[in-house]
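Novice: Sequence:
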Amino acid sequence: MAFETEGIVHRVFETENKTASFQAREFVIKHEGNYPQFIKFQLTQDRCDLISNYKEGDKIKVHFDLRGREWNEKYFTNLNAWKIEAVAQEASVEASGPPQEFSPMDNSFETVSNSESSINAEDFGDLPF
2 MAFETEGIVH RVFETENKTA SFQAREFVIK HEGNYPQFIK FQLTQDRCDL ISNYKEGDKI
62 KVHFDLRGRE WNEKYFTNLN AWKIEAVAQE ASVEASGPPQ EFSPMDNSFE TVSNSESSIN
122 AEDFGDLPF
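Numbering (the working numbering), first residue to last: 2 to 130.
Certain hints may be false.
Unchecked claim - Dumping the calculated DSS-like pairs for lysine-lysine here, alpha-carbon to alpha-carbon at most 25 Å:
| no. | residue 1 | residue 2 |
| --- | --- | --- |
| 1 | K84 | K60 |
| 2 | K19 | K41 |
| 3 | K60 | K75 |
| 4 | K60 | K31 |
| 5 | K41 | K60 |
| 6 | K31 | K84 |
| 7 | K41 | K31 |
| 8 | K75 | K56 |
| 9 | K31 | K56 |
| 10 | K75 | K19 |
| 11 | K19 | K84 |
| 12 | K84 | K62 |
| 13 | K60 | K19 |
| 14 | K31 | K62 |
| 15 | K41 | K62 |
| 16 | K41 | K75 |
Treat the hints as calculated values from the structure; they're not laboratory data.
Required output: the full structure, derived from the provided sequences and hints.
Specialist: Okay, structure coming up:
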């Protein structure tokens with residue numbers, strides 16, 4: 002399953018040699034919003050250096066696969082990154098030029114007077130919320 006997401010590089014960890022023939026490297030990106038999310042990805046084998054070109058604070062797009070496995074009746078999920086791209090920083094408001102002027106909209110909607118709309122609280126008594 003292939004997915005992609007964008008975020009800001011929050012932290013990059015060193016490459017770890019798990020066994021003699023397997024190496025992995027993890028990094029975390031931060032999703033902005035009302036509730037910022039910190040998402041950890043894993044790079045394996047020859048892809049461990051994909052994150053080396055980026056530093057904390059860079060905005061990137063991560064292409065990844067969702068992997069899951071069971072071990073001793075416990076379940077684990079990994080987000081295995083396989084491609085990382087730089088995302089261009091958004092231009093600031095000042096650099097985008099003066100704001101555009103819009104013509105006022107014609108108000109073709111009819112207004113409803115209070116006498117025409119007789120909605121009472123009792124009309125909503127059977128709602129479940």
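Novice: Now tell me if each hint is right for this structure.
Specialist: Structure-based check of all given hints:
1. K84 with K60: Holds - the C-alpha atoms of K60 and K84 are around 14 Å apart, at most 25 Å.
2. K19 with K41: holds (18 Å)
3. K60 with K75: Answer violated: K60 to K75 is near 34 Å, above 25 Å.
4. K60 with K31: holds (9 Å)
5. K41 with K60: Holds. K41 to K60 sits at ~15 Å (cutoff 25 Å).
6. K31 with K84: The given pair, whose Cα atoms are some 17 Å apart, holds under the 25 Å limit.
7. K41 with K31: Cα-Cα ~9 Å, so holds.
8. K75 with K56: Cα-Cα ~34 Å, so violated.
9. K31 with K56: holds (13 Å)
10. K75 with K19: With Cα atoms ~20 Å apart, K75 and K19 stay inside 25 Å; holds.
11. K19 with K84: Holds, at about 21 Å.
12. K84 with K62: holds (8 Å)
13. K60 with K19: Distance of about 29 Å is beyond 25 Å: violated.
14. K31 with K62: Roughly 11 Å between the alpha carbons, so the hint for K31 and K62 holds.
15. K41 with K62: Within the cut-off at roughly 13 Å; holds.
16. K41 with K75: holds (19 Å)
Violated hints, listed in ascending order, are 3, 8 and 13; each of the other numbered hints is respected by the structure.
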